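Undergrad: Residue numbers (this note's numbering), protein chains in the order written: chain A, 971 to 1284; chain B, 22 to 646; chain C, 66 to 317.
Careful: at least some of the hints might be erroneous.
Straight-line distance between alpha carbons at most 20 Å, and here's what the computed SDA-like set of lysine to any residue pairs gives [said to hold, decoys possible]:
#1 C:Lys290 x B:Tyr616
#2 B:Lys490 x C:Trp291
#3 A:Lys1219 x B:Ile439
#4 A:Lys986 x C:Gln76
#5 B:Lys490 x B:Gly529
#6 C:Lys211 x C:Phe276
#7 A:Lys987 x C:Phe85
#8 A:Lys987 x C:Tyr79
Hint data in this document are derived by calculation from the structure and do not stem from the laboratory. Since the model is a prediction, treat every value here as computed from it, not as a measurement.
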Amino acid sequence: MTRSTVSGGEGMQAFKKSPWVLHYDASSCNGCDIEVVASLTPLYDVERLGVVNTGNPKHADIFLVTGSVNAQNLKVLRTLYEQMPEPRVVAAVGICATSGCVFRECYNVMGGVDTVLPVDVYIPGCAARPESIIDGILQAVELLEKKRAYMKSMHGRMKDMAIGRATALDAPEILALQKIVYQNEAEMYDDWSLAPLKQTLQDMRKDFETRVFIKAVVGGKIIGSVRGYMVGETTAHISRLIVHPYFWKQGIGTRLVQEAESNFPRAARFETFTGQKSRHTMEPYQRLGYMPVRQEKVSEHRDRVYFARNREGA
Amino acid sequence: MTALALLIAFPMAIAILLLVFRSQSARSVLVLVAAVVIAAGSVSIVFPQLAFMSAAFELPREYVDWTVLGLELALAGFIFFLGIRHVRHFVSLLALLQAGLAVATEVLFGGRIEIATFIAADKFSLVMAGIVGIVGSLIAVYSLGYMKAYHEHHREYRDRRPLFFFLQFLFLSAMFGVFFSNSLPLLLLFWEVTTLCSFLLIGYNGSAESRDKAFLALTLNLLGGLAFAGAILYLSATAGTVELDKLIAMEKGAALIPAAFLAFAGMTKSAQMPFSSWLLGAMVAPTPVSALLHSSTMVKAGVYMVLRLAPVLRGTVTGTVVALIGGITFLIASLIAISQSDAKRVLAWSTIANLGLIVLCGGIGTYEALWAGILLILFHAVTKALLFLCVGTFEQKTNTRDIENMSGLITAMPKLSIMIQIGIAGMFLAPFGMLVSKWAVLRALVDANPLLVVFVVFGSSATLFFWVKWMGKLLEVTKVRPADETGIARRQWAALGALSVLSVGLVGFYPLISAGFIEPYVRSIYGMVSTISQGNLVIMSIMLGMVALFPITFFVYQRKVRVVDAYLGGANVDSSILFQGAAGQVKSMELRNYYFQRLFGEQRLSLFGAIACAALIFVMFGVSL
Amino acid sequence: MQSRRGPPLLQPFYDVAKLFRKETIVVRRSQNFYVYFFFVFIVFTAVLFFTGGDLLLTIFALTLASIFLVLGAYKASSPYSFIGAERELILMMAYEPMVLLAAVGMYLVTRSFIVLDIARSPRLLVLTLPGLFVGFVVILVFKLRKSPFDLSASHHAHQEIVRGITTEFSGRTLALIEIAHWYETTVVLGMVALFFAALPWLAAVAAGVVFFLVILVDNVFARVKWQLALAAAWITAAALGVGNILVVFFLR
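Full structure from sequences and hints, please.
TA: Printed below as a string of structure tokens:
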């Protein structure tokens, strides 16, 4: 995702006055869809807020998704999301979209929209009531304004970025970030079973006991992270380098890896692996002098490329 | 006079040389040199120092008369023989009748007729000569490259290129003859030479189909020639003169009958309804033939004749009927063009339509209409030639003429597609030439006969539809194909480039041509003239400038935009054309234009037009008598 | 109706303001340039008209501008924008005769194509050109992209051809299309006002009433098929337009 070429002043709050909605049914039972459409009827009349149900992602600001998402429509969701211009928010309508509800364990069900897309607003309910939906839309609209303002102010804030150790309290935020970043990876390799996507919060918290987590924070939000652990006496393994797509190509990845390395003063050798197509993950390592050592196939479309470097002077 | 005679004689001499020297290299040299000389010559005669505007022939009058008659009979005889040989007896009959009329005229009335001026050139002729000289020469240059590739692709056709180029230059010579002849029998001679050239060139590739089409063209043009001969006979009998300028100046009642016959001849030559079929049939000929004869020059001889008759037709019922025929042709042909997907047929129907518009102007005959008509000829000749040559080049490269196959041409053949777009824009878009001309027609009509406006407004909306959808087809890019414009001769590019520059340049320069030639001519006949106001000229120049900025955008690609796929319901598979269909199948998206076959189908509409116009032709003769 | 409030009156302005703050995404890199030229030429047309220029030239400039938009939609190379473009061409083919006939009618009465002259004419044009006026109002439905003749693009919740001609345009480009349509609306309403130009206050009222009428028609009727749209426009032009011109011509 590139930065948006937005313009205009702050004062008008235009997104609040004109939020255009794209409504998609991702294997919903249609209950929530009916409620979404009901919001457009004169009784609930969401159009008075300037909402238009456009059927075109390129015109939409808010992506309203119902249903628990299955293997077939996850690609459609990603495609539609990609075709939306920034700033955009995703609202998961109904409990199926939120978490998959009773269908979560089904063989073809992904289990909620946030397994596939970065969700900004959750609107629970079965079916979600029009009042909730409208409330959710309004919250999404607030987020739109915030996102836009945030993105605009990004340039100024970068110099305030803080990189340091993360604690277990950061686990939920890092997990959320991990899911967003790895959704891009999943799309690249057409493999939605990647371990980082499936990790639970409990599992993440356990990881904090054995791994060193580094986080990069801007304006109070974690926008990047990486972790590392010692393998044997002299080798440190760095992994799960994640940076929010809004902040790519700014050298944050490189700084994160450097910070991680500095937490292992006794390591003489550093190792990592990435997928063979993951250019943006490879670049920070390559910039720091990591060289590829071997490549092995892990699944149908994905190979793992192992990188390593020896500490200078070691 | 010397320069005029030279302009007629020089291409003829080149033609003969081309038959004698049959090697490719000799041909190239001859054609290139001839092209330059003819183009330069036709432009330079505007300078009075180089030509006498109008002078009597120095040779003894009778000598000329008998020569003309002799050549006429020779021509008729040749056609008669052709008709017999190919078992087209109607053609032979027509040739016989025409010969008979010519002989009758000379025998019965020859003694009484004194021809003062055989050859003359007024400003109108000069403009026409300039057009033919430049456009014709460019097409000849183009043919050098094109015909070489034509015969490489079509080894089944006999290579008769010497004959081809002979006919091209003979034709150019005859065209100059038509424009410079003041003596009607002389004009008829040159007129029929163009008919013969057309016949031989349509049938060039020797296939049965082309022979059929060639005879169709011959038949219909001979009908016109017959009417022409009839007009000469009538004039000799009743008015004692066979000169064009005398005819125009004659008292209107007497001039109407020969004018009607001459108008009929002009309408057959310019493929007005119901005679349009021959022009459609002529599309089997190689592209330079279509460009030269059947859009830019020969058919212009037909409308030239009608425009010459404008002062006679003005204000008469005959004139109104002629205008109606032109108007109906314009409307119906424009509608039919919507349903055509063969590019050459679209161009053919569009040509017929525009010729109809010029005939409309001639029939109305006011000073405004005449000005508009000449302007139309000017722009149409250049732009249509460009379009035909572009389509020919496309066909040469891809072996198809279908517009649907031109999808994405902007990436596959960028230079060619831009030239086609210039041509298309030139045909209907403001501020380009044809739009200026149509504007002039509208203004002429509102002052003369507002009801005829209905043809122009409905017809021009139709033209908008088929031109823009063609342009769109060039621009849409579903599969990015690598640019490949190899295999096209440098000479072809030169001709195409020159015509493109001319098409655009004319929009800027036509006020000069108008002021220098068209307006003086119109003023000389009517005493007054119309033109586009200074203010509007300025506005149109601004528009042209703005439109000209557009190509710059091709080089200033937006860098900071994000490129995504087209919307296909989110079911895109890797691209903008593949999508996930039912049952897991990956399908491909196709874009095809609307053709509205049922609404604007050729069969139905051309039948309707033919009936309407045929009836009107009877009316035209009826009211003239 | 059913106590529905709907969006506020200024909603179109909010929409445009929001669109300007969105990212620019394209399918083909050159597609937005067509829209920029569309916008420039629409503004040019408006300037031409409101400075009292030649009416026919104004109409031709408007056609030129619309063609840029159509070409842009073709350029976007997507099935929905393609259908939108083809339909837009059908619509242009449909309304062009009537617009030109209206100009011709005005010329026949005022002897001039210059907007300034027509506006200054002491004759109340609508009295001699009632047929042309009614025909023009019918065509207004086409030009303002209102039901039943809004075939080429879909406003608001209509989604049959997704967004038709505007499908692949977003952000700033879409905003420009909207603004250009506003300009087009003023020009076209200006032409309506020309029918009443002899009494300026009446002209303003007429323009307002006609605009309201068109919006009312939009909300009452459903979209028709293109065959009906084309037939409706051409028959109106032929009957009302040509009929009116016939009458004016013979009564002179």
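Undergrad: It remains to establish, for every hint, whether it holds in the given structure.
TA: Checked hints:
no., hint, verdict
1, C:Lys290 x B:Tyr616, "16 Å, holds"
2, B:Lys490 x C:Trp291, "16 Å, holds"
3, A:Lys1219 x B:Ile439, "39 Å, violated"
4, A:Lys986 x C:Gln76, "11 Å, holds"
5, B:Lys490 x B:Gly529, "26 Å, violated"
6, C:Lys211 x C:Phe276, "11 Å, holds"
7, A:Lys987 x C:Phe85, "13 Å, holds"
8, A:Lys987 x C:Tyr79, "6 Å, holds"
Of the hints listed earlier, those the structure fails to meet are numbers 3, 5, in rising order.
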